[in-house]
Amino acid sequence: MAAVELRGVSVRFAGTSGAYTAIEHVDLDIGAGEFVCVVGPTGCGKSTLLNVVAGLAKPTAGEVRVAGVPLTGLNRAAGYLFQTDALMPWASARDNVAAGLLFRGVARAQALTQADDWLGRVGLRGAGDRYPHQLSGGMKKRVALAQTLVLDPKILLMDEPFSALDVQTRSLMENELLGLWAADRKSVLFVTHDLDEAIALGDRVIVMSAGPGSRPVASHPIDLPRPRDVAEARMSPRFVELQRALWQSLRVEVQKSQRAMAAAG
Amino acid sequence: MSAAARRLWPYQLALLTALIGAWHALTAAGLLSPFFFGRPLEVARVLGTWFGSGSIFPHLGVTLLETLLAFAGGTLLGVLCGLWLGLSPFAAALLDPYIKAANAMPRVVLAPIFAMWLGLGIWSKVLLGVTLVFFIVFFNVYQGVKDVNPVIVDNARMLGASRRQLLRYVYWPSALSWVFSSLHTAVGMAFVGAVVGEYLGSAKGVGYLILQAEGSFDVNAVLAGIVVLTICALLLDTAVTRLERRLLRWRPGQGDAAHF
Ligand SMILES: Nc1ncnc2c1ncn2[C@@H]1O[C@H](COP(=O)(O)OP(=O)(O)OP(=O)(O)O)[C@@H](O)[C@H]1O
Ligand SMILES: [Mg+2]
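Each protein sequence line maps, in turn, to chains A and B. Counting with this note's numbering, you get residues 380 to 644 for the letters of the first sequence. Counting with this note's numbering, you get residues 104 to 363 for the letters of the second sequence.
Among these hints, one or two may not hold up.
[Said to hold, decoys possible] Straight line, CA to CA, 30 Å or less: simulated DSBU-like cross-link-like pairs of lysine-lysine:
no.: 1; chain 1: B; residue 1: K307; chain 2: B; residue 2: K249
no.: 2; chain 1: B; residue 1: K249; chain 2: A; residue 2: K519
no.: 3; chain 1: A; residue 1: K519; chain 2: A; residue 2: K437
no.: 4; chain 1: A; residue 1: K533; chain 2: A; residue 2: K437
no.: 5; chain 1: A; residue 1: K533; chain 2: A; residue 2: K519
no.: 6; chain 1: A; residue 1: K437; chain 2: B; residue 2: K249
What the hints contain is simulated information worked out from the structure, not anything from laboratory work.
Please put together the full structure from these sequences, using the hints given.
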């Protein structure tokens, strides 16, 4: 059974200058243990899609099912790495990572031990006492990653988590993520605007059309061997082939959807 | 206090000395009338008598008690109402015009009404102070709660926070920095409540002393009373700053140097 199923999901925002349909009639399955990447032009509705799967936004039409059960309210099986900084600025890195455990009633001492353990795993051993404003952008992303992963969610939603990082740190963290994912095969929905990153990480790449009324226009399986090293994968001939094919279908599909939209008025 | 501010204090002291010196010189030379402007040495003498004989202490005690009660009560009520209205948009929308009206009203005019209700003891002053402090703290907490970054709230919810946990781990710490910025103003307002209340009718307190002194055209005693009030307000404000530094260590620029 798919970990997450979206059936005919649409999201409309009521605005002052008329309603805006961000995503329209989205059908999407994320298999158990599958790493799905979503690419699409800026503003097409990728974050909106994640919000719907997280249960933070209610679809105006359609249905989200998590492990076969229709989603009402928050998605308790999911961990969400937000596009923007979401750490609590008044809590130290350690307290930020421990927060979710405390919310779930884990004893404080044990929560802090686990938090330190995870800070170590994302390469931040010894930075636990620092407050977010004392951390670099990349360090904050790592804390956020630890904050989400310490809860061991079955579903991982990630919204451009590495886009603010420099190339080196970025491929380092991408490899770390793949390593962590390989260990216990969570279902991952990974949003990025970087096609190369999507191909290097995913089992499948979904291309969304431009908004309004964005929807997946292509779904490409990525058959690069695992375990992968993202830097090496990028240099393999197969990667270049996939990249070309994806660009092709991206262009074709976007043109198709534009024509369809023009015809519909 | 920053290093720069610490290095400045000799100059600040020199400025104060110069101002008092000028005041002394101008009144001694008769350019300023001592009848209206007092004399620094006379003010110092009044202060000396008050503190030497201990006659000031019952008055100061009453004023400080009123101030502290007003400060504590107003802050508590302001925080509670601010959190409540900040978290329930319906109540906020319902009460909005009343809050606006209550805020626009010059609340000091309530003093005679409070005196009528509660008599001339300390409670009419406390209530006036509470009213003044309440609105300052209330508006800041209300603003602080509404200003919480929604992404931080969503993140905490995804991490599993219940409504109560959100309040404790997200809304409260976020509102706290707003609370403190309002407390500095609130300290002054608590004193205003106490002194204005005493001024309008009382048998004790520094405000009463000032009123008495005015009645006998003793401007030096009036000024001495003002000096006492100012010093007390400064001390209370320093205490608030101390607490603020402890509780808001997480903010950029708060005690960074001590960490690294
Ligand atoms: N609360 C809202 N009210 C009105 N419109 C919104 C709201 N949230 C998003 N939108 C609109 O919906 C569209 C999709 O937004 P979304 O944030 O999902 O885009 P995105 O694909 O994540 O973009 P980016 O790649 O820049 O992050 C945008 O056009 C945006 O203006
Ligand atoms: Mg986005």
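Now the hints, each set against the structure:
no. : hint            : result
1   : B:K307 / B:K249 : 42 Å, violated
2   : B:K249 / A:K519 : 24 Å, holds
3   : A:K519 / A:K437 : 29 Å, holds
4   : A:K533 / A:K437 : 21 Å, holds
5   : A:K533 / A:K519 : 23 Å, holds
6   : A:K437 / B:K249 : 22 Å, holds
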